[in-house]
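S.K.: Residues per chain are reported as follows:
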Amino acid sequence: MTPPEWLAGYLEQGVQMPGMDAPDGATADAARRLRALLASPDLWSQPPRGLLDQITASIGSERIALTGPPPAAITRPAANPARAANPARAANPARAANPARAANPARAANPARAANAANAAAKDSRRRTRMRRSAGAAAALLAAAAVVIGIVVTRGPVTTDVVLAGTRLAPAATAVAKLHATPSGLAIELDVSGLPPSPPGSYYQAWMKGPHGLVTIGTFHMRGGPGAVELWSAVTLAGYPTITVTREREDGNPASSGQVVLTSRP
Amino acid sequence: MDEDGLADAFRTGDAEGVRAVYERYSGAVFTIALRVLGDRELAADAVQVTFLNAWRACGSLDPGRPLAPWLFTIARRAAIDLYRRRAHVPEPAELQDETTITLPPSMEGIWEAWQIRIALDRLTAEEREVVRAQHFGGLTHVQIAQQLAVPVGTVKSRSHRAHRRLASMLGHLAEVAA
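Residue numbers (the working numbering), protein chains in the order written: chain A, 1 to 266; chain B, 1 to 178.
If we strip away everything but chain A, and leave its shape as in the complex, we get:
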């Protein structure tokens, strides 16, 4: 296509170039609008640095949530008999018995396929509901077997790392949150350094933040020195992509103080 010379000239100079046929009114209006937009700051703004990392981290987390934790890269003896004895888990032997399902990267990489798998799982679930009464005894037996064999995965491998930086309230502080997808929610290991112990009467509170608001994921004080803090979240990184830590006072007010000392927001 030959570039429309008069538009190029108009965009560059802001006036119609000599010797060009005048465009009709609507076309001239559109050209004026385009030129005005070129001066808008919105057209030249860049998204914050680090946003892509947050997005890929959220996708990684959600991918795991859709397809289930990968097989036992980390396996532990069944330390929690209550969880091991959960008939709902035991009643899904296909999931437990088929590590290839979770380990298949092509499957894990395709959310549409994962969604189809989820639909199929839902159908399976309905069918299992119809069979539940007769299968109850078998499920209990399977649960007992799981306890005896001790192969229940209580936590999947590290799935996502999120880096937090100190704010002006704690400029020396840094942290890395290691998120593990588990059947009960996200287990978060927050490895903190440079954050001073909270004085008596105060504490630190960790949050996950997203378009729907804030969800607290635990409190800590760091009075034993730098180290890892174990937090738990019932919400996903996909829905609540920003992790923050605030400084709080023991004043009975459950709302965030807004005094952010660490944040994953770039």
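Since the hints were derived computationally from the structure, they do not count as laboratory data. A portion of the hints provided could be inaccurate.
[As the list claims (entries may be wrong)] With a straight-line Cα cutoff of 20 angstroms, these simulated EDC-like cross-link-like pairs (lysine to aspartate or glutamate) come out:
#1 156/B - 127/B
#2 156/B - 230/A
#3 209/A - 189/A
#4 209/A - 39/B
#5 209/A - 81/B
#6 156/B - 126/B
#7 209/A - 230/A
#8 178/A - 230/A
#9 178/A - 189/A
#10 209/A - 41/B
[As the list claims (entries may be wrong)] Here chain B is said to cover these stretches of chain A; the calculated rule only asks that three of the stretch's residues, wherever they fall, bring their Cβ under 8 angstroms from a Cβ of chain B:
#11 28-42
#12 45-55
Where a beta carbon is used, it is the ideal one built from N, C-alpha and C, also for glycine.
On the provided structure of chain A, position chain B as indicated by the hints.
M.R.: Coordinates of chain B only, in the frame set by chain A:
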């Protein structure tokens, strides 16, 4: 990577595909989110929601279907959803008025802004620098030449080439009779 290759890469849901689409379109998504929301932090949230929703829906992106309009639809919806959610924050009782209706921002210009941003991002860095200085910075060719420490003739040739390319990519918006 051409547009078809980009769509194919994204459709797989692989991190590299997401990264490639982000690098091509995140600026345009951010632009329309800013125009709808008028706030950088909310706009960043909208970008994040857009790419997550696009990733979730990538299985529905039919082969041969262009990626950009599909992504625009998702981005606009994400920004408007955030705008409406923010607009629904309860007001103090004394300010509530059942006759008050909060309207979303005008959609006029959103599509044009999207297309212009994509066109700008397709210019070379040198061309974009000159166009930015001229339109956003309000500088003359001479001032741009001083700022960039290059001859005025170089600025003029870059500007001329950049605007010809922009006109070529945006001509359909002005309904130009070639």
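S.K.: Given the proposed pairing of residue 156/B with residue 126/B, does the C-alpha separation stay at or below 20 angstroms?
M.R.: 12 angstroms, holds
S.K.: Given the hinted pair residue 178/A and residue 189/A, is their Cα-Cα distance within 20 angstroms?
M.R.: 5 angstroms, holds
S.K.: For residue 209/A and residue 81/B, compute the direct alpha-carbon distance and say whether it is at most 20 angstroms.
M.R.: 17 angstroms, holds
S.K.: Straight-line Cα separation of residue 178/A and residue 230/A no greater than 20 angstroms?
M.R.: 10 angstroms, holds
S.K.: Hinted pair, alpha-carbon criterion (20 angstroms max): residue 209/A, residue 41/B. Please report holds or violated.
M.R.: This hinted pair holds, its Cα atoms lying about 12 angstroms apart.
S.K.: Taking beta carbons only, do three or more residues of the stretch 45-55 of chain A come closer than 8 angstroms to chain B?
M.R.: Result for this restraint: holds, n = 8.
S.K.: Quick one: see if chain B covers the stretch 28-42 of chain A, three-plus residues with Cβ-Cβ under 8 angstroms.
M.R.: That given contact holds, which follows from 11 residues of the stretch 28-42 of chain A lying within Cβ reach (below 8 angstroms) of chain B.
S.K.: Is the Cα-Cα distance between residue 156/B and residue 230/A 20 angstroms or less?
M.R.: 60 angstroms, violated
S.K.: Starting from residue 209/A, check that the Cα of residue 39/B is at most 20 angstroms away, please.
M.R.: The hint holds at about 17 angstroms.
S.K.: Taking only the CA atoms, is the gap from residue 209/A to residue 189/A under or equal to 20 angstroms?
M.R.: 17 angstroms, holds
S.K.: Need the status of pair residue 209/A, residue 230/A: alpha-carbon distance at most 20 angstroms?
M.R.: 18 angstroms, holds
S.K.: Compare the distance between the alpha carbons of residue 156/B and residue 127/B with 20 angstroms, and conclude whether the hinted pair is satisfied.
M.R.: 10 angstroms, holds
Figure legend: structure checked against the earlier numbered hints; the only hint not met is number 2.
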